[in-house]
Amino acid sequence: MATTKVALEPNTPTAALSAKLRVNKVNMTFNRDGQRLSVLDNIDLEVADGEFVCILGPSGCGKSTLLSAIAGFLTPTSGQITIDGEAVRGPDPRRIFVFQERGVFPWLTVAGNIGFGLAKLKRAERTERVQRYIQMVGLEGFEKSYPHELSGGMKQRVEVARALAVNPDILFLDEPFGALDSITRMVMRGELLRIWEAERKTILFVTHDIDEAVQLADRVVVMSARPGRIQQIVPIDIAHPRDISSPHYLELRDGILNQIGLAHHL
Amino acid sequence: MSALAEPRKWERYAWPVVATVLFLAFWHYAVLLTATKIFPSPAEVERGFVELMREGVLYRDVLDSIRRVAIGFFAAVALGIPLGLLFGWYPAINQVVNPVVQVLRPISPIAWIPVAIIFFGVGDYAAIFLVFLGAFFPIVVTCVAAVGDVPLIYRRAGRNFGLTPARILSRVVFPAALPQILVSLRVALGIGWLVVVAGEMIAVTSGLGFLIIDSRNSGKRYDLVVGAMILIGVIGLVLDTLFRRLEKIKPVRWGFRDEF
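As you go down the protein sequences, you meet chains A and B in turn.
Counting from 743, one number per residue, gives the positions in the first sequence under our numbering.
Counting from 215, one number per residue, gives the positions in the second sequence under our numbering.
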């Protein structure tokens, strides 16, 4: 893999007109102990169809709140969120939120979980779809297993497959690999990229891991804390698969480290 | 042996047997040493027991008691679980109903006996009603709490996949709460078994409770009283053991501590 700068990928947004998702001057304030707490401050963001965007920031910067608002679980105090030109009024099966592996239903088998959103399909069609996504996430042979019999990484695969099975346009992932060990986390990133390249969903991925963001995203949205603001949006102009020891990768990563205000040496 | 050590297989059976033998020996010598004329020795209880079995009364009494518990318990389950889920799901309803539940709950079913007899007369229904009361409140109260304990992310996932509120209740909230509900059913069954004995002493003329009170009143047959008591304990243990098997089935297994 060449280590020099690579031209912008086609799915890097250039024209705002083609935006799939638009966050317009969104503010969010919570009342805590009678005090107004500003969690999101004037957030503007556009995401193109098929784009992979990472929202990066320290814990408590409001990145999960922002994702929950975009997914329709929370209503912003002010501002607008539109998807395909339509205001978001609540959660919708066209865009699925993937929690950490804790979101898998422990009372259902792997196949039951993946087929959860497919109740409206005919039985044969449902079985076929479930099987396809079991294969896609590499869980063949575990169809009848229950989540408590699986490892953390396998549970996370189940949840991603459950989301993909309903064929959504957008996936929201909230620190999906945060609870996994570092080796499994690396494997899962590769898997997610493979799936994203196959299915071309729009992905919004919240993380506090700088390397994870730079490895995965077309663009990294860097947020700062209290109040949560977008500090900078960094395009990652490296084609996949990315060489994570290339000078340009390191340059981008260190740029973000500087942006967050962290020194290079511990 | 440390508290964490896994007991060996023979130990699991041997120690209960040793404990039982020691208990019977203590009982036997206590009766002997105090020279009591009233309290029976283990051997006398055993003889009384055999006599009851031969007359065929015991069998009928046991079945009557179990039948009353079964009907009262299943009525409490059939009514308690849906109501508990509903109250838990709609906090507004719960706010209205909860004060009433909290006042009725601490009233011992025994205190209801006179009222039960007014409602149903002396007979089966009064005893069944008492079992129902004893089982109903723990089920409702636990269901309300269990619904509240269902993690927000499960409910959000249900909404995200476009489920209607009724579907979220049946496909997400109920299965998520089921392990806790099962524990409450086990407690409720135990209470039902306690209550039926008390109810049978007053409201009916059959069952193990009646056997105890009847044995005492007609000739102070304390050998039969103690025999019936032991039988009540053994049946209670069997019911509880059978019920615990439900905790092993896979869709609820996750909610219970693993033993390995």
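Please keep in mind that the hints were generated in silico from the structure rather than gathered at the bench.
All values derive from a computational prediction rather than experimental measurement.
Glycine included, C-beta positions come from ideal geometry on N, C-alpha and C.
Treat the hints loosely; a few may be bogus.
Calculated lysine-lysine pairs in the DSS-like style (CA-CA distance at most 25 Å, straight line) [claimed, not checked]:
#: 1; chain 1: B; residue 1: Lys434; chain 2: B; residue 2: Lys223
#: 2; chain 1: B; residue 1: Lys464; chain 2: B; residue 2: Lys251
#: 3; chain 1: A; residue 1: Lys862; chain 2: A; residue 2: Lys767
#: 4; chain 1: A; residue 1: Lys762; chain 2: A; residue 2: Lys886
#: 5; chain 1: B; residue 1: Lys251; chain 2: A; residue 2: Lys886
#: 6; chain 1: A; residue 1: Lys886; chain 2: B; residue 2: Lys462
Stretch by stretch, here's where chain A covers chain B in the computed footprint (C-beta under 8 Å, at least three residues) [as the list claims (entries may be wrong)]:
#: 7; stretch: 335–344
#: 8; stretch: 389–400
#: 9; stretch: 461–471
For this session: Would you check the hint for Lys464/B and Lys251/B, treating anything up to 25 Å between C-alpha atoms as holding?
Result: violated (54 Å)
For this session: Below or equal to 25 Å on CA atoms is what counts here, so check Lys862/A against Lys767/A.
Result: violated (37 Å)
For this session: Examine the stretch 335–344 of chain B: at least three residues should have C-beta closer than 8 Å to a C-beta of chain A.
Result: violated (count 0)
Exercise. Are Lys251/B and Lys886/A close enough, with their CA atoms no more than 25 Å apart?
Worked result: Between Lys251/B and Lys886/A the Cα gap is close to 64 Å, so the pair fails against 25 Å, i.e. violated.
Exercise. Is the Cα-Cα distance between Lys434/B and Lys223/B 25 Å or less?
Worked result: violated (43 Å)
Exercise. Can the stretch 461–471 of chain B be counted as covered by chain A under the rule of three residues or more with Cβ-Cβ separation shorter than 8 Å?
Worked result: It holds, with 6 qualifying residues against the three required.
For this session: For the pair supplied as a hint, Lys762/A and Lys886/A, confirm whether the alpha-carbon distance does not exceed 25 Å.
Result: Cα-Cα ~37 Å, so violated.
Exercise. Hey, Lys886/A versus Lys462/B, does the alpha-carbon distance stay inside 25 Å?
Worked result: Distance ~16 Å between Lys886/A and Lys462/B Cα, so the pair holds.
Exercise. Taking a Cβ-to-Cβ distance below 8 Å as contact, does the stretch 389–400 of chain B have at least three residues touching chain A?
Worked result: holds (count 3)
In terms of the numbered hints stated before, the structure departs from hints 1, 2, 3, 4, 5 and 7, listed from lowest to highest.
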